[in-house]
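With chain A held as given, fit chain B onto it using these hints.
Protein sequence lines, in the order shown, are assigned to chains A and B. Numbers 10 to 1405, taken from the working numbering, label the letters of the first sequence in order. Numbers 375 to 713, taken from the working numbering, label the letters of the second sequence in order.
Simulated from the structure, these hints should not be mistaken for laboratory data. Beta carbons: idealized from backbone N, C-alpha and C, even for Gly. It is possible that part of the hints are untrue.
Quick list of the computed label-pair ranges, beta carbon to beta carbon [claimed, not checked]: (1) A:W332 with B:G586: 55 to 61 Å; (2) B:Q431 with A:V343: 48 to 54 Å; (3) B:V688 with A:W332: 30 to 36 Å; (4) A:Q1319 with B:V688: 50 to 56 Å; (5) B:G586 with A:W119: 31 to 37 Å; (6) B:Q393 with A:E149: 24 to 30 Å.
Pairs of lysine to aspartate or glutamate residues, derived as DMTMM-like cross-links and limited to a Cα-Cα distance of at most 25 Å, are as follows [stated by the list, open to error]: (7) B:K438 with B:E461; (8) B:K458 with B:E473; (9) A:K356 with B:D439; (10) A:K128 with A:E462; (11) A:K145 with B:D387; (12) A:K949 with A:E462; (13) A:K356 with B:D387; (14) B:K451 with A:D357; (15) A:K128 with B:D499; (16) B:K537 with A:E462; (17) A:K356 with B:D454; (18) B:K537 with A:E834.
What the simulated footprint calls covered on chain B by chain A, stretch by stretch (three residues with Cβ under 8 Å from a Cβ of chain A suffice, anywhere in the stretch; the number is not a length) [as the list claims (entries may be wrong)]: (19) 410-422; (20) 487-495; (21) 594-607.
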Amino acid sequence: MERLHWVRHRCRQLLAADSGRGWYSAPDGLPTKSSLETHSSPFRFSGKRRTVFARHGPRQQEYEATSKGYQGNAIRTTKYSLLSFIPMNLFQQFHRAANLYFLFLVLLNWVPVVEAFQKEITMIPLLVVLTVIAFKDGLEDYRRYRFDKRVNNNIVRVYSGKQKAYIDQRWQDVRVGDFVRLSCNEIIPADMLLLYSSDPHGVCYIETANLDGETNLKQRQVVADLPLQGVEFTPESFHSCIECENPNNDLSRFRGYMEHSSKVRVGLHNNNLLLRSCTIRNTETVVGIVVYAGHETKAMKNNSGPRYKRSQMERRLNVDVLWCVLLLIIMCLVGAIGHGLWMAQLKDPVFLVDAETSPALAGFYVFWTMIIVMQVLIPISLYVSIEIVKLGQIYFIQNDLALYNEQLDSSIQCRALNITEDLGQIQYLFSDKTGTLTENKMVFCRCSIYGMEYPHEENARRLQVYEPEENEVAGRSLTLKSGCSAKSLSCRSLSCNHSSVSLHTLTAESEEEEDGLPGHTQPRTSAFCSRMAKEVVPDPELVRKLNCLASPVLPLSDGSSGTPSSLELTYIADFFLALAICNSVVVSSPSQPRHVVPEARTPLKSLEDIKLMFQRFSFSPFSALSTLSPPQTKDSPRSFTSRLFARGKAGSFTPAAIPTTTKDGADPGQEADLEASNLRHKLDSPGSARVEGGDRGNRKVEDRETEDEDKMASLGGATEGLEDLTRELDADSNADDELVYEAESPDEAALVHAARAYRCTLRGRSAESLLVELPGIGCLSVRLLHILPFDSTRKRMSVVVRHPLTGQVVVYTKGADSVIMDLAEAPQGAEQAEERYSHIRGQTQKHLDSYARDGLRTLCIAKKILEEEEYEVWLKRQLFAETSIENREELLMESAHRLETNLTLLGATGIVDRLQEEVPETIEALQRAGIKVWVLTGDKQETAINIACACKLFRPNDQFLTANCGSKDACEALLQELRLEVERSGESLTEPSAGGRGGETSSGTAAGFILVIDGRTLDWALQEELKGDFLELSRHCKAVICCRSTPLQKSQVVRLVRDQLSVMTLAIGDGANDVSMIQVADVGIGISGQEGMQAVMSSDFAISRFKHLRKLLLVHGHWCYSRLANMILYFFYKNVMYVNLLFWYQFFCGFSGSVMTNSWVLILFNLIFTSVPPLIYGVLDRDVAADTLMELPELYQAGHTAKVYVPSMFWLTILDGFYQSLVCFFVPYFAYAGSDVGELSLGSPINTSALLIILLHQVIESRTLTWLHVLVLLGSSALYFAFVLLFSVSCVTCSPPTNPVGVETLQMSQPLFYMVCALATVMALLPRVLYRALHNTMHPSDVLKAAQMDKLDPERYRRRMQHWNQTHCRTKRLPVCVDNPGLEPGLEPGTGSVVS
Amino acid sequence: MVKEEPEFVNRPDNTAFTQQRLPAWQPMLSAGIVIPGFVLIGLAFIGIGIALFVTSQNIQVLEKDYTGVELNSPCYKCSDSNVKNCECKLDFSLDKLFEGPVFFYYGLSNYFQNYRRYGVSRDDDQLSGDLANFKEPSEDCTPYQYDSNNSPIVPCGSVANSKFNDTFELYQIVNGAKKLVPFDGKGIAWWTDYNVKFRNPDVVPLRNAFNGTVKPIFWSRPAYELDPSDPANNGFVNQDFLVWMRRAALPDFRKLYRRITEGDYATGLPAGNYSLEIAYNYPVLSFDGRKKVVFSNVSWMGGKNQFLGIAYLVIGSMCVVMSMVMLIVYAKFKFPEDE
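One chain only, chain A, in its complex shape (with noise of 0.2 Å):
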């Protein structure tokens, strides 16, 4: 008995450590792996340890001695303090090359020689960048201050030693040593060892999903061995010490042990440890003390900084940025060389300063001061101003209303700052299926029992039309804010809020609030126990049927009617049962937050009494619970029921009844054999030769039955007291009806919400039993003897019960169908039942086959009955397993294959995985688009194709093409004789190959071809020779899908795409699968709320649905392209603009480097004057409306063809500022040549009218104006002459060198000054002009075509955007595709695959 438990005990931990793995994930045996090493040895510690005692514990000195080095756990996540800010923060800013160019600029000026303007002035520039970005840091560092004074004020209760009591104290008071105890859905504020749990075994549950994304609940022990459990752990005893190795950052693995005062030294290992910022869930209350806080804790210490991705237009702007810089070197060149030549010709005229200076230095000086001059060329304001601009862009993100999710009241989390407009520019988006395309939220659709489907067409009608009263949960739930938004952005390793909802508090809530709740307290349930999964609407038939099962009346009837056989009854019942225990799921109820144990409810008690009566009454203990059923006439459906799985037993003491027995089917017939070889014959003989028809069979089961149940009535009186106690339990089980499943899986929860929709409930689940509830029968336990967990190469699970009502073990098999079809055997023996059990699994097959192409995840679910001698054997070859150290997992393995074979198919269930709303639009939007849609999932193929169907990813002509190879060779043999394949096709439709990169929308109705690949092809196909033809293929192909792959190829994958194709890449996924795929592509999307948070923590942006993305990409990415391209080519304008006029004012002064404008006005011009608008044009641009953008997804094109950020463009760009500043410089000069004006006289007006192109130039760019617009425009020219004017009125000596005194003044109020500028403004924007007003009516853009149409009446918009339509893309919307012909092809593999 005692080995017997810790088999046990063992295999809960397994559970545990396995547990993180959902049904899809590749397994992994490392966690297991570790967790043997720390039990085979404790005590091998790597590297130094550490010595924990008690703080408030007897051993106060040794506890002084060696805690001294321990960190409290005050956490401090900010860069700077107040003292070391200006410091830190400078020495940081300096790491950036701009800052040093701007130092170096500094420096420059003041050497003597080359000094330029005053010492202050070239300081300003880098002074204002330095204190913006200050500002920013500041302001950043402050918010995170202000987050971690929340976290470190959180309250928990810790052990204080003199008033001997728990005492609330805040997080960052907590000390290594301390007692803390914790209650239900509280925080945990520090690592710390379990002490003491108020579970009578010890264990405790902790969700990790802020540590690590997982949803599911993990078991921790209690430290083994220690004295104190089950009563109330008393710290003030707590004499043992504490060792355990150093702080590090492995959160699967912790070692140490823990020496009692008697020298017992007992192993510490990570079952034992609780991790900070996990949540305490399922348990009353558990006291820990703590080892590792504040920044050593394991949470902490994977607490990585924020991304710093560089987008792909940064990467041009350098480019260009060197250019400038080209640019700049090849102006101070002339400058130098003009002046040195200019000294030359010199003969000692009155005006030369210094004589001795010899031509060429003096060009060497000029060349340095020139650069000073025009440092202006080198945007690197622009860098400042495009973070800002960011900022912006990102503010308007976040503030999207439509990306808002009402539901979780979340809206986007923009964690990547600096990316905005590489989401303008996608070419391929590689999107993970579950829960990115689906919700993730798996609804029981419909089942096959017993080769019968049940449609649950009512089911399905809610499916679809659950939409709005979803939304009404959503208006109703109080309580959801918390659910997302806390976890946002820095939240990653201490999720704060305080969320210890106590549980009394939780019971206290009304039903009503009920619903919302789970999405609150515990969000990671909410996807499993939505009120969707909850809620299935029973298909009636069924419903019928299991009344049957219940109901006093014996279905006598001949079935034609539907009436079901008894045997089909038992089927159903196996089924249910089935659904309700074979699974992982832990039960808890608000009502009952600890973990339900069965033993402690008196109703169970009572009914092992009752079996224990029955086993008295009987002569045998199987056939008793048959004779012993109460009468018909009484209200117990529970008898039928029971005799109905007795009955096989009955049977074979009961030689009259074995034919009907027999010809029911695999199921019996089996127990018979087993039961009862030595009648096999018999059974056999008369079964086959008695059966003709289901029919008349099934009348004599009926009859045999009828002769049963009046054996029975004889019996009657015995039972009257048991009813009386179900009746109780019944109404007792009414009472709690708010049970909670958390299952690892969404599958497994929705098929016991499916059981249970069925009356079918599973109430509770211990270690040694589950309590499951049938209809008609009540609660029962059902002892658990084993459960054979799922991993994906057996790709099922099984549990061994002993039945409930038969006593017979039994093992219930789930599954994927594949397996189980072949797993599941026709029984050898009766022929009658042979071909009666083909029938069943053809029909399932039929079934399973409908399920898929309806795009429904399949499970088979079978059983078996074990003799008990069989399970003797089984079971000691499986405790060998569980017990050897060597080759264990094969072991375990080969004794799970032992175990589940000759199964007998029960029926198979379809769960439908919900499309998000809007998927197919979005999707079709995106294809439109031009962005390549690839499907990488670790589904199966037909699911991942059926999905993919759905979501429109297909069009109806298109043609897959199919890749499931075997070897490497036949894998290359296929890629190439697909691509040609493609490419033949391709000609023949001319398809555009070589503009292949966003031109398909546009090739209409032209079929695309469709890769479906899957994982193991993919694994060739990633091999260097081979991916060249991959990616050759790909790139011919519409879409690709990749099915079953591992979370290491998706990120293979994308990185081939992006590394190889060098296109802008975008990954979404939504699970810790999908977090490599999401941190290699350009644009890493994570979709929140589902399945944890470890996909939005890795990503750069964080959507709650699918469909935000067709907005994010198409209005926001088109938008935030195409402002920040124009606001860039704007900036280098500006610059090339204003600094030339420096330039050709060269020519006038000997190339002294002399500038025509009061320094000050120089350098503030580009830093004030003009820096404004540009930021406005680059956050609040739009050249298109957002609808128009929604409607016509082919615009977004411009970004990803780059239309607008180009080298021509940026030449063209750099001419114009040539042409500008030209025309700019010389009216001015001409105006003003021969005349008696002044230096600074000739740089007003140029400054003037360069201020008023530069602005107006913007105006003629810029596609909106606002009211923003204008009132920026207007101030900042407001500003200029403010400026100037006050300037020239006050600064009398504060400009050395210049005389600005009355200069703008005596200017302004002359007229010419104003003929000159309106001259210049004229005629240095009537090019632009020119050239936009031609291009624009001769060839317009699709953009700005679709930039008129916004201009126009709705009614001619909607007229327009019809022809629209019909015009760009000749494709027809699709009919929903499961009634899609092309799609049949693509079904069979066969069509264009190569099987090798």
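Just chain B, lined up with the frame of chain A:
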């Protein structure tokens, strides 16, 4: 029950600004929109152009080069740099009235007053009358900070040092007799320079302020004796000095020397013969410079300048032509997507 509003803490504000729905004007340039603009601008420019051109045509300018490079030039003898205190006489005749007020300029060519190091070489504090800077002129003034005896130069710096020092006297030859045309030397400098920027130290008499300083090397007279005829026109507020200190923007420039606004010549210079007597001091030949005198009258748009008028006319007519081109384009390409 449940209140609607406070639930959605993270819900973005639904304002026109945050949702980027601000009403906006879209300046989409197309032929249709541009045509009227072009016509208007074109016509306006042509109008302005005509006005400017006519005004400019009406301005009379008389330029006389007196550098003395050519042999036949009256000032040829003076062009030799070895000749000191040379005087030459420039005779010219006007065949019609030169309308007044006549501005009399001196002009220099190839003279780079905008040379950076030249322009920097001054001490604004000194020029604003700061006595401390009399003793210690700014570093900027080097090499005209101290003379060879290490005495501070006031006004220091290259700009002041190179002050133009030719002087002119204009005589009308009336019946063979010379009749002095009175020059008005007041108010030729900027009001702000005279009243705000440049200040003499508050020392009376002014020359005391200059004790211990030396005059600029090129100067023949110290600053406080620049204008013997008018004591108020001395020191840093001397009008000629002020005009010189306003550095010219371009290497070919002219600077106002005097105005002719008084007496018989208030309405202009009558037709007749004139003789300009020049005290030729300023060396320009060393750098291939030229000196000239310019008589000009001014209009509302300043001096004579053909460029602006012509440019306005050209641009104006270009706009008109363009608008016609646009019209054709517009007719041809009008809403191509409509069909």
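Now for the hints, and whether the structure bears them out:
Separated by about 57 Å at the C-beta atoms, W332 (chain A) and G586 (chain B) satisfy the suggested range of 55 to 61 Å. For Q431 (chain B) and V343 (chain A), the Cβ-Cβ distance of about 38 Å falls outside the hinted range of 48 to 54 Å, so the restraint is violated. The supplied range of 30 to 36 Å is met by V688 (chain B) and W332 (chain A), whose beta-carbon atoms lie about 34 Å from each other. Look at Q1319 (chain A) against V688 (chain B): about 23 Å separates their beta carbons, and that is not inside 50 to 56 Å.
Separation of G586 (chain B) from W119 (chain A) is about 32 Å and conforms to the stated range, judged on CB atoms against 31 to 37 Å. Range check, Q393 (chain B) to E149 (chain A): Cβ separation about 26 Å, and the 24 to 30 Å hint holds. Between K438 (chain B) and E461 (chain B) the alpha-carbon distance is near 16 Å, which keeps this suggested pair within the 25 Å criterion. Under the criterion of a C-alpha separation no larger than 25 Å, the hint pairing K458 (chain B) with E473 (chain B) is inconsistent with the structure, at around 36 Å.
For the given pair, K356 (chain A) sits about 21 Å from D439 (chain B) by alpha-carbon distance, which is consistent with the 25 Å threshold. Only pairs whose Cα atoms come within 25 Å are accepted, and K128 (chain A) paired with E462 (chain A) is rejected, the gap being roughly 88 Å. Of the pairs offered as hints, the one joining K145 (chain A) and D387 (chain B) holds, with about 23 Å between alpha carbons and a cut-off of 25 Å not exceeded. For the hint pairing K949 (chain A) with E462 (chain A), the CA-to-CA distance comes to about 23 Å; that is within 25 Å, so the pair holds.
Under the criterion of a C-alpha separation no larger than 25 Å, the hint pairing K356 (chain A) with D387 (chain B) is inconsistent with the structure, at around 72 Å. In summary, the hint linking K451 (chain B) to D357 (chain A) is supported, as the alpha carbons are separated by about 21 Å, within the 25 Å threshold. For a cut-off of 25 Å, the pair hint linking K128 (chain A) to D499 (chain B) stands: about 17 Å separates their Cα positions. At most 25 Å may separate the alpha-carbon atoms for a hinted pair to count; K537 (chain B) and E462 (chain A) exceed this at roughly 110 Å.
Using a Cα cut-off of 25 Å, the hinted pair K356 (chain A) and D454 (chain B) holds, with the two alpha carbons roughly 15 Å apart. This hinted pair does not check out: K537 (chain B) and E834 (chain A) have alpha carbons roughly 116 Å apart, beyond 25 Å. Residues of the stretch 410-422 of chain B lying with their CB closer than 8 Å to a CB of chain A number 3, which satisfies the three-residue condition for coverage. Residues of the stretch 487-495 of chain B lying with their CB closer than 8 Å to a CB of chain A number 9, which satisfies the three-residue condition for coverage.
Judged by the Cβ-Cβ criterion of 8 Å, the stretch 594-607 of chain B is not covered by chain A as claimed, because only 0 of its residues qualify and three are needed.
In summary, the numbered hints that this structure violates are 2, 4, 8, 10, 13, 16, 18 and 21.
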